[in-house]
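Residues per chain are reported as follows:
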Amino acid sequence: MTQESAQLETIARKLQTGEPLSRADGVFLYTDAPFHDVGRLAHGVRTAKNGTRAYYVVKRYLNTTNICYAGCTFCSFAAAEKEERAYRMSLETILEKACAEPNDYDELHIVGGHDPKQTSLEFWIPAIEEMHKRLPHVQLALFTAAEIDYMCKRARCTCSDGLRRLRDAGLTSLNGGGAEVLVKRVRDIICPHKANVEEWLEVHRVAHGLGIQTNCTMLYGHIETIEERVEHLMLLRALQAQTGGFKCFVPLAFHPEGNELEECGWTGGIDDLRTIAVSRLMLDNIDHIKAYWISYGIKMAQLGLHFGADDIDGTVHNEQQIYRDAGSTTDQSTPIVELKRAIAEAGFEPTRRNLLYRVLEPA
Amino acid sequence: MLHDLPRCGRISYTNDLPVYAAIDEAVLPFPGTMIADVPARLNQELVNGQLDMSPVSSAFYAERADELVLLPDICIGAPAKVLSICCISAVAPAALAGRRIAVTRESVTGRMLFQLICRRHLGFDPLLVESDDPFAQHLADGTPCLLIGDKAIDAAEQVPLGSVHDLGELWHRLSGSGMVYAVWAARNDYAAAAPDQVRAAALALHDSLEWGLEHIRRVIARAEAARPRQGGFYENYYRALHFHFDDESRTALVRFMQAAHETNLLESVPALRFFDAVAQHA
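Chains C and B are the protein sequences, given in the same order.
Read in our numbering, the first sequence has 352 at position 352, and its numbers run on one by one without any break.
Read in our numbering, the second sequence has 212 at position 212, and its numbers run on one by one without any break.
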């Protein structure tokens, strides 16, 4: 038996007995393990956890401001206030866009920037209360941990206080962004001015303690090493073991256009699929892995469903500007019927879910 | 009662495989019987008379040195990184003041070294709480823990790298010293009553170690068969460890004992007494 197959066998045994994979296992799966074997193992775990279901969500996506002073080098979306392309929606505009017909969607997903004039508790707490009044059927996924950290620092309150106030106003869940790669070396280069590793994790830890479920992400394919990706996954797994509050992990492929890290180029399809699969295998305690079709395109997302993912995200109604600014040409208005067809064609059962993965409409 | 063959302990971890390599591979006979266990139990069995010779924790030796004589050639030490004695904590050890730290019962040296580092270099007395499974506790609620042996190596592979704090490395960074974690000793009364048996066993261990270091590939294969780890781990591990109880190791052990004494972890600093010297003197 070659060392490679012995190592694969050890990993398969661990997966069967429920033993978490080690750091070395993660690096091996990323670098030396045969591609198809990694996919096969990940598909086995995905099937054990989620059967033949593949989830999608009917949601509206708003980027309410692109003014951001975090200065992340990977970002093509952020603008300084004086730039021509800078925009900041007023509360009225946000409510108008959120309520615009058809508003029979299930989730409102809002991401902005570190905008001193909008990203504040004073702005958002009444806004959340108003959204709840107008759209009582919609669950709110607002803010990343980095934005929570920013708002609480500006309000000079602890993130526990800030999150409690947001929860009491009606915040259902936090988005998974802002994690990028949870390694100091990487953050010092790509996002030195926003929440650091400990702060990002602490926001999620506190949120979970307050009953706010969250997602988590990893922005991969820029300056990070494979070992750093694995370290990132292990940090998420360690926190999840303590809190159980992560619902879904979303690998986010770096898009290189219009930012300072252009020379890193696009991620390859093999890397994308392997990342989905390794995530599925390393994050044994997180139920869902997303093949985010807006980032990958619908065809790659279909393949992702065979490499460990059980979710492709969903209809977005309004356009998701962050990936578009970074060069994505994916048609972002794919209707429900198209998503269901893509899932079914891939051999899975299209399953409409809400933000907390409650099944709303099996096929 | 004097046994014909010395009853010898051996540590049930992979760290001492180079010492027993030739004996394990039946290249050399061993003039004694061998009982494997965790260091803390070997310590007790040696002074209780259930064993005649055994590796013992350095901290235990320091406390009971008047009852023991050292074998002069072998030890388990490391100039810096040791890989198998770790504090697992999401925050740096310096930030652990006032927090409960779950510790294994398996070793006294790891615990004493950690207390020493905290008291002498980090400025606080650690709050150590014994636990049957400190790592399970860490995984469940993030409680920092102190682990030794193969459990430490396994745990270090399962947690984020930033949560692994190698005590050997930390001690080296803060004190500039290496460290000796285990020494081989015989009980005074046994050594006095059966010096030939002790000498024969000590010689066999010495020869076995030399063979093991010369045939390190075979030792590594044995370790991998016993406890498979990723390629290259055991090369690094056995390269990090130092098995000769030479002047450098002896100095490291004395420095550790002196520092432990200065921080009230050890009542007195014993002089190292070696079997050969005792035997010649007798």
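A portion of the hints provided could be inaccurate.
Unchecked claim - Restricting the straight-line Cα-Cα distance to at most 30 Å, the calculated cross-link-like pairs of lysine-lysine (BS3-like) are: (1) K14/C with K97/C; (2) K151/B with K49/C; (3) K247/C with K81/B; (4) K340/C with K151/B; (5) K117/C with K97/C; (6) K299/C with K247/C; (7) K49/C with K81/B; (8) K81/B with K133/C; (9) K117/C with K299/C; (10) K153/C with K184/C; (11) K133/C with K82/C; (12) K82/C with K49/C; (13) K153/C with K49/C; (14) K340/C with K82/C; (15) K184/C with K340/C.
Because the hints were derived from the structure by calculation, they are not lab data.
We went through each hint and held it up to the structure:
Among the hinted pairs, K14/C with K97/C is inconsistent with the structure: their alpha-carbon atoms are about 48 Å apart, more than 30 Å. With a C-alpha separation of about 29 Å, the suggested pair K151/B and K49/C falls inside the 30 Å cut-off, and the hint holds. Using a Cα cut-off of 30 Å, the hinted pair K247/C and K81/B is violated, with the two alpha carbons roughly 38 Å apart. A threshold of 30 Å between alpha carbons decides the hint, and for K340/C with K151/B the separation of about 47 Å lies outside it, so the pair is violated.
Distance restraint check for K117/C and K97/C: the Cα-Cα separation of roughly 19 Å lies within the 30 Å cut-off, and the hinted pair is therefore satisfied. A distance of roughly 24 Å separates the Cα atoms of K299/C and K247/C; the hinted pair therefore holds under the 30 Å criterion. Restraint check for K49/C and K81/B: not satisfied, since their Cα atoms lie roughly 40 Å apart, outside the 30 Å limit. With a C-alpha separation of about 60 Å, the suggested pairing of K81/B with K133/C is violated against the 30 Å cut-off.
Distance check on the hinted pair: K117/C and K299/C sit about 39 Å apart at the alpha-carbon level, beyond 30 Å; violated. For the hint linking K153/C to K184/C, the alpha-carbon distance of about 20 Å falls within 30 Å, and the restraint holds. Between K133/C and K82/C the alpha-carbon distance is near 34 Å, which puts this suggested pair outside the 30 Å criterion. Between K82/C and K49/C the alpha-carbon distance is near 49 Å, which puts this suggested pair outside the 30 Å criterion.
Restraint check: the Cα-Cα separation between K153/C and K49/C comes to about 38 Å, which exceeds 30 Å; the hinted pair is violated. Distance hint between K340/C and K82/C is unfulfilled; the C-alpha atoms sit about 42 Å from each other, more than 30 Å. For a cut-off of 30 Å, the pair hint linking K184/C to K340/C is broken: about 40 Å separates their Cα positions.
Against the hints set out earlier in the document, violations occur for numbers 1, 3, 4, 7, 8, 9, 11, 12, 13, 14 and 15.
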